[in-house]
Structures are given as structure tokens and as C-alpha cells.
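Chemist: Take a look at the letters that make up each chain.
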Amino acid sequence: MTLELTGASRRDLLKASVVGGGLVLSFSIAPKAGAAEAGAQALNAYVRIAPNGLVTIMAKNPEIGQGVKTSLPMMIAEELDVLWENVRIEQADNDPKLFTRQFAGGSLATPMNYDDLRKVGAVARAMLVNAAATAWNCPSGECKTAEGHVIHVSTGRKATYGSLAGQCAGVAAPDPKTIPLKDPKTYKIIGQPKRQYDTKKVVTGQPLFGIDVRVPGMLYATFEKAPVFGAKVATADLEAARAVKGVKKVFIVEGGTKLDGLLPGVAVVADSWWAARKGRNALKTTWQDHPTSKQSSAGFDKRAAELNAGAPQMNLRKDGDVDAALKGAAHTVEAAYAYPFLSHAPLEPQNTTAHFKDGKMEMWAPSQNPEPGRQLVASTLGIKPDDITVHMTRCGGGFGRRLSNDYMVEAAWIAREAGAPVKLLWTREDDMHHDLYRPAGYHYFKGGVDDKGNVVAWQDHFVTFGEGEKLASSAGMGGTEFPARFVPNCKIDQSTIPLGVPTGPMRAPGSNALAFVNQGFIDELAHAAGADPVAFKMKLLGDAPMVGTGPSGYNAGRMRGVLAEAAKMSGWAARDKLPKGTAMGVAFHYSHAGYFAEVVQATVNPANGAIKVDKVWVAADVGRQIVNPLGAMNQVQGAAIEGLSHALYQKITIVDGAAKESNFSNYPLLRMAAAPPVEVKFVITDYPPTGLGEPALPPVIPALCNAIFAASGKRIRTLPIDTKQLKA
Amino acid sequence: MPYKLNVNGKVLEADVDADTPLLWTLRDTLGITGPKFGCGIAQCGACTVHIDGKATRSCVLPVSAVGDKAVTTIEAMENHPIGKKVQAAWMDLDVAQCGYCQPGQIMAATALLAKTPKPTDADIDQAMTNICRCATYTRIRAAIKQASGQKVTA
Ligand code: FES
Ligand code: FES
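In the order they appear, the protein sequences are chains V and F. For the first sequence, counting from 1, position 531 maps to 531 in the working numbering; every step adds exactly one. For the second sequence, counting from 1, position 98 maps to 98 in the working numbering; every step adds exactly one.
This is chain V alone, in the form it adopts within the complex (with noise of 0.2 Å):
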């Protein structure tokens, strides 16, 4: 359906990321903004230098709260060698032509530029030194640099940046395939805590998100949109729309059947967006019936129980003879475990500003993956891809929902049909409406354990959504899904229900669920086994570095090393001592290359089932380098917490075809009350530095679970968690 950031897809955006050469191209390419600041010197793309001293340094991905904004400047700033405070930071426009690939998504920023953008400050610096060299008669080789200085060695002789940055104008850049890079011992940025550039407009509430975009002339704009993905209009009384105050263009949008394109609806465009809105109410829209309109929660719970009672549509992976060796078993368990749709709910809105004129399109778009959109647009209105230009804004979070552009082009169409600058605006209920959403899924589990406490077999047979081999978006599981190749009889099958509601890419996709059921049912192995969990997984992970290779290897020695520091941090050997109700769980995962193992600890009351977190414990490997500790720590420590949030609150049920919950009222978030706190410590472990605003959240919610199981004895095997259920 759209960009699909899980398994080989993410592998391919890593690929085309160097395969592509962007690194050249942003060095080739002078960027076509001439430079703010009077008389600064563009170096490359992402550098300009002003007479001053001030450096001014592109931001290239969109901002979507993970601190990309910061730190990726951050890696150009220390290779660059001038210090923090004297960089200014700006958002880059979408163009790919200077920026490569310009998205939000698969916890991809880290790796896909840490090299990169480093050898960008290192080839402006290096071109900052020829011309110190080339004034001062010298060999490069007898310059070095300090805090936007080049200095002579043996003769101190010092130049500023700004008073050298002029003299690179048409001085070739040298290689950046050769470049040296600095030896990390002597960073001083990249792995220094720094705010977010943005922090103080944030706290001021200055405009920084598309929904605060104003353009001159702008109208306001709702969308209406039938509660059956993709349904027609049937009716709807326009001229009520129009005869309210302040409404001046109300008109139907045909749309196509592409459930993340531009969908069929009835657009109301007014002098402000409330006026829009009352428009909106006025036109008592029906909807043509459509063929999914019977499609519900209770009818795909209830599918995929007869699924699992035949034969599996096709098998995912085949290790030895999963019968045999649960006929073997010492101890064997059988579950069935099941997880919902889930809304991503970004707290701002939907919305895109559009304004089309003389054949152009202009938009300012809060967007992950602002490149798609715009050809999103240009295919559905017909414009080349040249003439429309995207700003992308602040994005008001993101979690993987504004990797879909619906939004962009349902704005741009109806700017267009107003013939006037459009900010168009969707109302939480249109966003919980109109979600791709986090799949659903199935599986049934059976598993055997021999009497030294091994797990000796592992079957699972996942129901998931699509049709044969095509998948709805983010509902596919991987034939190597850990504890794949770690049990020697292992069994997985597939089976699926054709969907027609809208899925995607939510924050660690696959894993935000997929963690869940596998890590809550080898604890329920461990229990079997009456074996301590920890020590369980631990032999379970046995005791070789690595299993399998190239992008499919799991690095057991970090995972081990990740378990054994939430087991020390927690205190998870004494746990025996906690009071009665009290317990601890633990879990772990590896997803977007990083190796997370996180203990929960939770108190269940006994009286009515509610559910206290005491507190988090989270070891994270994301490899040798955090490149900004401050963002990294809010990151995890959100991820986490966000993870509770899915386990004990979130669900999307589908109900005739639509989904039935509307806003926070019934799609509870978690808040203050409820967050527990979470300790964060990363093990430093020699591999290139990967990212983590997706792997730190899936290992909490099994640790949870397992918690409650520990505490309770009672076993979450559906979420969100029913807490009536855990009443003694």
C-alpha cells in the first residue's frame, strides 16, 4: 500500500541510500536559496558559512519529535569542527536532488547518514583549510582546525571560517570517499547532550507545525470522507453546506479506490475553519453501500478461529519435526494470542496548507515522507512532479501515520478547486476514521520444553490480513522471527483474511506486536519449565555471537548482554522480596538493528484487577556511539511508555466496515497518572551506531504482561489487557 519500512523494504531504502551516490550529489549540486545571512558562503548542500563566523546548517529529514533536526546537524557540526553555538539550524525544503531521501521512518536517520553526514563537515572543513593553506603559501598538511579556526601549527597564524568560507566559492571539494574522519575520542558534539535547536520556540508556543501554517488570502478547509474506507457519496445537501456564514465553496471530490490516495468525499472550503465545519454539519452526507461495508472486529476474531481449525494457507519456515518433538516434550503449552488495530492518533491532526497558482503548486506539508507525496499529488492532479514544491513543517508526532500522504493530496485538490490558498484541516475524528492502521493479528501457539528446560519446539500459526502472499501493509511476519533458529523444531504457518480497511507502518511495525506474543509465550514456556525467565531466555539465546548473516543476522552476544544488564539494573535476582501483588517481568527484542531488553515492574490489585507500573528498566545496544544522549533518553524513555500505553489502553474496533472509535474519549491514551518512571542504560557495544525511536517500544509490552502473569498468575494473552480478568 505505501512505503513499508519493515524486513526487506527497509533493507532496500539502506541500499538505494548508497547505491545512489547522494553524497556526491549533495557536493555537485550548489543549492539554489541564496544564503540568508549577508555575504555567507555555501560550501555544499548543507553548509553555509556567514563573514561572521555563523555556520548555517541544512536540517534534511522532516522533524517529527525524534530530534532529527538536532542530530544529524550534529554529526556535520563535529566533522565541520565549529562549536555548537555558533550553528544555526534550518529545515531543508523537500529535494531529493540535494538531499537524497528525505523521510521519517524506520528508525533509518542514524545509520543512513551518520558516515555521510560526517564526511559533509569533514570536506567543507577540508576546503576551509586549502584556502587557509593557499593565502598562506603552506602545505595543507601544516594547517589544523579548532572552533571555526584554521591555525597554522608551528606558527599560530589564525583565520576564522567566515573570513575564509569566501574564498571556497569554485574550489573543488575533495573526494568524500577519502576524506579522514575525526577519531571519535576527541568529539566534542556528536555524543554531548544538546537540546533540541527548536526547544524554546517549542516552550514560547511560537508557529513551527503545519497547522500553524498562514498564507496570505488562505481559506480553511474540511473533508468529509464516508466511515467505510473508500465509499462513494451518495448524498449530500451542498447548498444547506453553502448557506452557512462564512462558507464559500462546497463541492463533491470523485476520488479514486486507493485507500491511501485521494478517497471520494465532500470538501467544504470557508473564511475559517470552524465555519467550514458548521458547512460540514449541514450536509447530512450518506454513503453508497460498498463491499466491505460488513466487515468487522467480531467477524475477523471469528475467521481466524476456523482458520487455525484447517489446514495453514502456506508455510513460513520448516525446522525438524515440530510433532515429534512436542510428543517428546517434558512440559508443552498451548496458546492463542490475538492483538488489535491500533490508531496512531499523532496529537496534531491531519492537515496540509496548498496553494496553486499559474500551474504551480506550493504546500507546506507536516509529512514523514514528503518525496512520495509530492508525487502522490502530481500523479492524481495531473502536474509534474517539477511544479509543485514542498516545505515540509514540524510534524506534531508522527509514529509512522504521515508516511502516508493522503492528507497532502486531498489538500492540494481542493486548493485547487477553490482556486485559493487552502490549509486543510482534519478533526481528530477524521484522523481516527481514517487511519492506516496498525494491523490485527492472530496466532496459536504450541510449544514444547524437554526436562534441562531447552525449548524443543516452537509452532505458531499466524492469521493475518490479505490475500494469499500479498499482505495488508505492516501485517507480515519474517521466517526468521526470533525464536526461529534458536528452537530445533520450529513450524511457522500463515494464514489470511482479505481486509479492506487501510493498514500501515506504525512504530516498530510487526514488532510492536510481534514482540507481544513471542516474548509472552516463551515466558509462558519458562513458567511451564518452572524455570526462572531470565535464565530461561538466557539459555534459550545459548552460545554462539551470531546466528545467521547479512541483514537477517541476530547478534545473540548483544541480546545477552542487553538481558543481563536489565536483570542487574532491575534488581530482577532479588525480586522474591517484592510484597504480595508485586512482580517483575522481562522481555526483550531486536528490531531496526537494535537489541533492547526491558523488565517491567508491576503491582495488580486484587479487588478490582487494576494495574499499577511501578517502574521500567530499559538496556539498550543501538551500538558504539549515541550521537545525542539528551534526545536518545527522551526517545526510550517515551518508546516505553508509549509501549504501556498500547498494552493497557489502546484498541480500533471495526464495526460495519468502519472503525467505531472516534477521539480520546474512547481511544484513551495514557496520561501523567499512569507513567511509571523509566531507567535507561546503554551498553556501548563496537558497531556502527543505529537508531531507536522504534526498537526501545516493543520489548515493554510483553514485560508487562509477564509481570501481571508474575503477579497474578493470570496470562495476557489478548490486548489491550482486560483488567476485569485479573480480579482474584
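Heads up, a few of these hints could be off.
Stated by the list, open to error - Partial list, derived from the structure: chain F residues whose beta carbon lies under 10 Å from chain V:
1. Thr-73
2. Ala-88
3. Thr-116
4. Thr-120
5. Ile-124
6. Ile-131
Claimed, not checked - Only pairs whose alpha carbons sit at most 35 Å apart, straight line, appear in this in silico DSBU-like list of lysine-lysine:
7. Lys-357(V) <-> Lys-69(F)
8. Lys-185(V) <-> Lys-681(V)
9. Lys-612(V) <-> Lys-54(F)
10. Lys-327(V) <-> Lys-294(V)
11. Lys-118(F) <-> Lys-200(V)
12. Lys-177(V) <-> Lys-158(V)
13. Lys-470(V) <-> Lys-452(V)
14. Lys-200(V) <-> Lys-54(F)
15. Lys-612(V) <-> Lys-85(F)
No lab work stands behind these hints, which were simulated from the structure alone. None of these values were measured; they are calculated from a predicted model. Even for Gly, the Cβ is constructed at its ideal location relative to N, Cα and C.
Assemble the complex: chain V is given as a structure, and chain F with the ligands must be docked to it using the hints.
Modeler: Chain F with the ligands in isolation, oriented as in the chain V frame:
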């Protein structure tokens, strides 16, 4: 009809329907975009402003009900004796992720500290009901403690 509103110490005029929520009057008519829209039904707190010093969800407050009460938004917190301390703590601890909820969080925290200068954890739990979708609650709690001169633990 035209309403005279006392916003951030200035009298501003907005010609809007009586049922227009204060939030949209501020954002669309007066161009004061610090208060954010998250839900429209008083659930999330992104739209929080002070009405005579009290934290109020402006998305459900019709402009006609404001009268001559003092409306204060995040834009005026730099001049508010408590608000500026709260903002300073928010910056110091770098609370925000996406930042979208934070104007509302700061307004709620400032109102809390105005009433309860040294809030306990329980006070914070009770007063801070705004949603942070990015779940920055750990730092919000710490920043409130810091702004109130208490020891920061988280
Ligand atoms: S927008 Fe007012 S409480 Fe959510
Ligand atoms: S920081 Fe994103 S919603 Fe709070």
C-alpha cells in the same frame, strides 16, 4: 458579531459567531497559534489557556462565554512570573519531543504551581491530565519539580 476579548493584556476584537470556540477565535481570527488543536472535546489539553489564571480547555469554550475575563496564552508566559520559570525548566530539561502538546502542558503546569507552589507527585498526577502522545511524562514531572525548586529525581 464582534467580541472584545482581553488577550495577553490587550483588548482585541474578533468578529465571529457566538458559538465559535475560543481556540479557533485565537488561532484563525487573531493569529495566536500557540494554543493547539488536538481533540476538540476537552480531552487532550493541547488547547489549554488561562482564563483569569485558571487552566481552561479553549476548544470547548464558546467565545461568547469569555466576557471580559483575562485570557492568557502561552505567548504571554515569558512575562508571567511562574510561567517563565516553568518555560526555563522545560528548556533546561529539554522536555519536548514533537512539542505539540507542550504549550498546553506548560499552561497546565503554570496554573498548578500558581495554586500549589510545591506540588507532590500526587498533585502532579491530579493536575496534569493533558495528553502527551510522545509520552514525555517523565520529563514533564521533572520539569515541574525543578520549576518549583524541588529535587528532581527522574
Ligand atoms: S483540543 Fe482542547 S482539549 Fe483537546
Ligand atoms: S511532545 Fe509530542 S505530544 Fe507531547
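Chemist: Does each hint fit the structure? Answer for all of them.
Modeler: Evaluated hints:
1. Here the hint on Thr-73(F) is kept, as its CB sits about 7 Å from the closest CB of chain V, short of 10 Å.
2. About 9 Å separates the beta-carbon of Ala-88(F) from the nearest beta-carbon of chain V, less than 10 Å, and the hint is met.
3. Interface restraint check for Thr-116(F): the shortest CB-CB distance to chain V comes to about 15 Å, outside 10 Å, so the restraint is violated.
4. The beta carbon of Thr-120(F) comes no nearer than 13 Å to any beta carbon in chain V, farther than 10 Å, and the hint placing it at the interface is violated.
5. The beta carbon of Ile-124(F) is positioned within 10 Å of a beta carbon in chain V (closest approach about 7 Å), and the interface hint is therefore held.
6. With 10 Å as the threshold, the beta carbon of Ile-131(F) comes within range of chain V, its nearest partner Cβ sitting at about 5 Å, so the hint holds.
7. Straight-line distance between C-alpha atoms of Lys-357(V) and Lys-69(F) comes to about 43 Å, which puts the hinted pair past the 35 Å bound.
8. A distance of roughly 20 Å separates the Cα atoms of Lys-185(V) and Lys-681(V); the hinted pair therefore holds under the 35 Å criterion.
9. The straight-line distance between the Cα atoms of Lys-612(V) and Lys-54(F) is roughly 30 Å, inside the 35 Å bound, and the hint therefore holds.
10. Proximity of Lys-327(V) to Lys-294(V) is assessed by CA-CA distance (about 42 Å); at most 35 Å being required, the pair is judged violated.
11. For the suggested pair Lys-118(F) and Lys-200(V), the alpha carbons sit about 25 Å apart, so the restraint of at most 35 Å is met.
12. The straight-line distance between the Cα atoms of Lys-177(V) and Lys-158(V) is roughly 28 Å, inside the 35 Å bound, and the hint therefore holds.
13. Restraint check: the Cα-Cα separation between Lys-470(V) and Lys-452(V) comes to about 41 Å, which exceeds 35 Å; the hinted pair is violated.
14. For the hint linking Lys-200(V) to Lys-54(F), the alpha-carbon distance of about 24 Å falls within 35 Å, and the restraint holds.
15. Taking the CA atoms of Lys-612(V) and Lys-85(F), the gap is near 32 Å; set against the 35 Å cutoff, the hint holds.
Checked against the numbered hints given earlier, this structure breaks hints 3, 4, 7, 10, 13; the rest are met.
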